[in-house]
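Those protein sequence lines, which keep their order, are chains A and B. Going by the working numbering, the first residue of the first sequence is number 1, and it counts up by one from there. Going by the working numbering, the first residue of the second sequence is number 291, and it counts up by one from there.
Simulated from the structure, these hints should not be mistaken for lab results. We treat Cβ as the ideally placed atom computed from N, Cα and C, and that holds for glycine. Do not rely on the hints blindly, as some may be mistaken.
To be verified - A few chain A positions that, by computed beta-carbon distances, are all more than 10 Å from chain B:
#1 Leu12
#2 Ser56
#3 Asp96
#4 Ala155
Claimed, not checked - Partial list, derived from the structure: chain B residues whose beta carbon lies under 8 Å from chain A:
#5 Ala326
#6 Val361
#7 Gly415
#8 Met420
#9 Leu421
#10 Leu423
#11 Ile558
#12 Val577
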Amino acid sequence: MPHFANIAVSILFDGLAYAMFLFITSVGLSVTMGLMGFVNLAHGAFAMAGGYIVVSLTRSLGIDFVPALAISSVTIGVASIPFERFLYRRLYRSTDLEQVLLTIGLAFMAIATATYFYGPIPKSVPLPEWLQGDVNLGFRYFPSYRAFLIVLGAALIAILWYAFERTNIGAKIRAAVDNRRMAESVGINVDLLFTLTFAVGSGLAALGGGLAIQLFGLSPSFAVIYLVLFLIVVAVGGLGSLKGTLLAALVLGVFDTGGKYLLADAGGFFIYAVTVAVLLIKPAGFYGRE
Amino acid sequence: MDTTSRERARERAAEYLLRRHRFRPAEALPWLIAIAVYFIFPDRMTFGSQVLIMVMFALSLDLILGYAGIVTLGHAAFFGIGAYTVGLAAARLHWNEPISGLFAAAIMAGLVGFITGWFLLRYRGLTLLMLTLATAIMLQETGNLRSDISGGYDGLPGLTFDPLLGKFDYDLYGHTYYLYVLAVLAVVFYFVRRIVYSPFGQALTGIRENVRRMHAIGSPVHRRLVTVYTIAAAIAGVAGALFTQTNAYVTLTVFDFDNSAKVMVMLILGGTGRLYGAFLGAVVYMVLEDYFSKLSPTFWQFGIGLMLVLAVLFARRGVLGLFESAGQYFSERKKS
Numbered sequence: 001m002p003h004f005a006n007i008a009v010s011i012l013f014d015g016l017a018y019a020m021f022l023f024i025t026s027v028g029l030s031v032t033m034g035l036m037g038f039v040n041l042a043h044g045a046f047a048m049a050g051g052y053i054v055v056s057l058t059r060s061l062g063i064d065f066v067p068a069l070a071i072s073s074v075t076i077g078v079a080s081i082p083f084e085r086f087l088y089r090r091l092y093r094s095t096d097l098e099q100v101l102l103t104i105g106l107a108f109m110a111i112a113t114a115t116y117f118y119g120p121i122p123k124s125v126p127l128p129e130w131l132q133g134d135v136n137l138g139f140r141y142f143p144s145y146r147a148f149l150i151v152l153g154a155a156l157i158a159i160l161w162y163a164f165e166r167t168n169i170g171a172k173i174r175a176a177v178d179n180r181r182m183a184e185s186v187g188i189n190v191d192l193l194f195t196l197t198f199a200v201g202s203g204l205a206a207l208g209g210g211l212a213i214q215l216f217g218l219s220p221s222f223a224v225i226y227l228v229l230f231l232i233v234v235a236v237g238g239l240g241s242l243k244g245t246l247l248a249a250l251v252l253g254v255f256d257t258g259g260k261y262l263l264a265d266a267g268g269f270f271i272y273a274v275t276v277a278v279l280l281i282k283p284a285g286f287y288g289r290e
Numbered sequence: 291m292d293t294t295s296r297e298r299a300r301e302r303a304a305e306y307l308l309r310r311h312r313f314r315p316a317e318a319l320p321w322l323i324a325i326a327v328y329f330i331f332p333d334r335m336t337f338g339s340q341v342l343i344m345v346m347f348a349l350s351l352d353l354i355l356g357y358a359g360i361v362t363l364g365h366a367a368f369f370g371i372g373a374y375t376v377g378l379a380a381a382r383l384h385w386n387e388p389i390s391g392l393f394a395a396a397i398m399a400g401l402v403g404f405i406t407g408w409f410l411l412r413y414r415g416l417t418l419l420m421l422t423l424a425t426a427i428m429l430q431e432t433g434n435l436r437s438d439i440s441g442g443y444d445g446l447p448g449l450t451f452d453p454l455l456g457k458f459d460y461d462l463y464g465h466t467y468y469l470y471v472l473a474v475l476a477v478v479f480y481f482v483r484r485i486v487y488s489p490f491g492q493a494l495t496g497i498r499e500n501v502r503r504m505h506a507i508g509s510p511v512h513r514r515l516v517t518v519y520t521i522a523a524a525i526a527g528v529a530g531a532l533f534t535q536t537n538a539y540v541t542l543t544v545f546d547f548d549n550s551a552k553v554m555v556m557l558i559l560g561g562t563g564r565l566y567g568a569f570l571g572a573v574v575y576m577v578l579e580d581y582f583s584k585l586s587p588t589f590w591q592f593g594i595g596l597m598l599v600l601a602v603l604f605a606r607r608g609v610l611g612l613f614e615s616a617g618q619y620f621s622e623r624k625k626s
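Isolated chain A (complex conformation):
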């Protein structure tokens, strides 16, 4: 295969895997922000907590990686419900600033707690054999783990798409994002709906956090460093839009990977340049409402 095509395939493949991580972690944030207009800067902390639970389950209890991911995701999803019920709910009608401050405070507390229990040094996670090494796709070898990420991401997209577009509850969520008061008037319990989506979103974030360990390593600062990326995906995609989040994750994932491949020095510059360009032209993101 010619050299440049080889590089292009690598960028696309790694970019796609990265995009799947971004999508899984950000989609919950997008829906909750679209539903309640709540700026949740503690979303990265839920992802980080999920990652650490996976570390504990695999390292201390010897549970396999994939079941550990599932347990961690469900645990965080359930654990996030009291946060929504007792803290977030009080601030739905407050200003952006107050929501930012509350959730930054929660993120700081989460980071400190993680540092206390796990230390500041990045953690890794033992992978099962079938996720190590490379997989042969006929014309080339690809890293198995990233292939797994892409397959898992695609499966989740299909499930979410079905739940969002084809089920009764998905229709209710879309109605509430569109016009909350109208949805309430026709008898949809938006509060309950929101608790449910918040829990699912946090659970997905935890899944993303668990998946990220192998890609970037997991340290307490994960909660803030990657939060910026999730927020960017949400802002670029448009609040509350599944399609938009996916598109934003793909564009940003591929651009960021490409930028790092081709111009290693420029580092994270590309992703921010793309963000600024998109938001200047479409302030509400790809599929957001103006």
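Use these hints to put chain B onto chain A, whose structure you have.
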């Protein structure tokens, strides 16, 4: 009849503005404390200068956040521009004169503030948050990209500056620096106070409270926001320049998100939109940080998070707001 009543209303408005502008005796207190600190803690002057610099930084944020109601997550961008203007001028151009350096920093930061503000202040909410955040990170990445000039993440160490006014050289304990920073802060504060109590400041408060009504009465909202954003950027630039001068080094961490978040936390703790909130917040934050982060940085980070959560839930107007509420409570009890 109609004209006289309108004139009377105009007079009343003018009188209200003048009354607010008038200097109150209690306002001397922070300055007296700052001078007293110079004599009481002569060995903590380096730390004292850092506190005063953060006061100035928080004050600049108060202008845009507290008065104009612009929520930004990238205010460190301007602090960093100021810091690097002075740092690069000293390291690469041998421009070591400190006071002219402050002006250069103010102009550079103001310029960046004007350009970014012109584009960004059309947006609100999450979009604005992300755009301001991305601006700061892009500046940081640009610095990293041209690390041959900026020194990258190693920064520019060992900078030297000329003696102040050609006479007062810097001593090991930072006494000169403390007075220098305090003097600059006093000038900046006077300027900010004038702005806040001017009709322009009133217009900003109007934009914060109800932007639609300001549009409706024909106030040039965008122009006013860009103006105050530029001024605040210039002041943040001066604070950044002082940071470089007092520390004699600068690294790209000045552009960090942490720096933007930290100054916002200080302002919120002190109380927004009340000038002296920046003083109280920065002092409380810096002193607590100095004490607790030596004890345990983890404990400190947890504490600052808890303080934020509690502040949002129970003290939305900051520590100064709490004092005010307490004052009101007691004066009402006296009356009844």
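Structure-based check of each hint:
1. Leu12: holds (24 Å)
2. Ser56: holds (18 Å)
3. Asp96: About 5 Å separates A/Asp96 from the closest Cβ of chain B, which leaves it inside 10 Å; violated.
4. Ala155: holds (29 Å)
5. Ala326: violated (32 Å)
6. Val361: holds (5 Å)
7. Gly415: holds (6 Å)
8. Met420: Status holds, d = 4 Å.
9. Leu421: holds (6 Å)
10. Leu423: holds (6 Å)
11. Ile558: OK, holds: B/Ile558 within 8 Å of chain A, min 6 Å.
12. Val577: violated (18 Å)
Violated hints, listed in ascending order, are 3, 5 and 12; each of the other numbered hints is respected by the structure.
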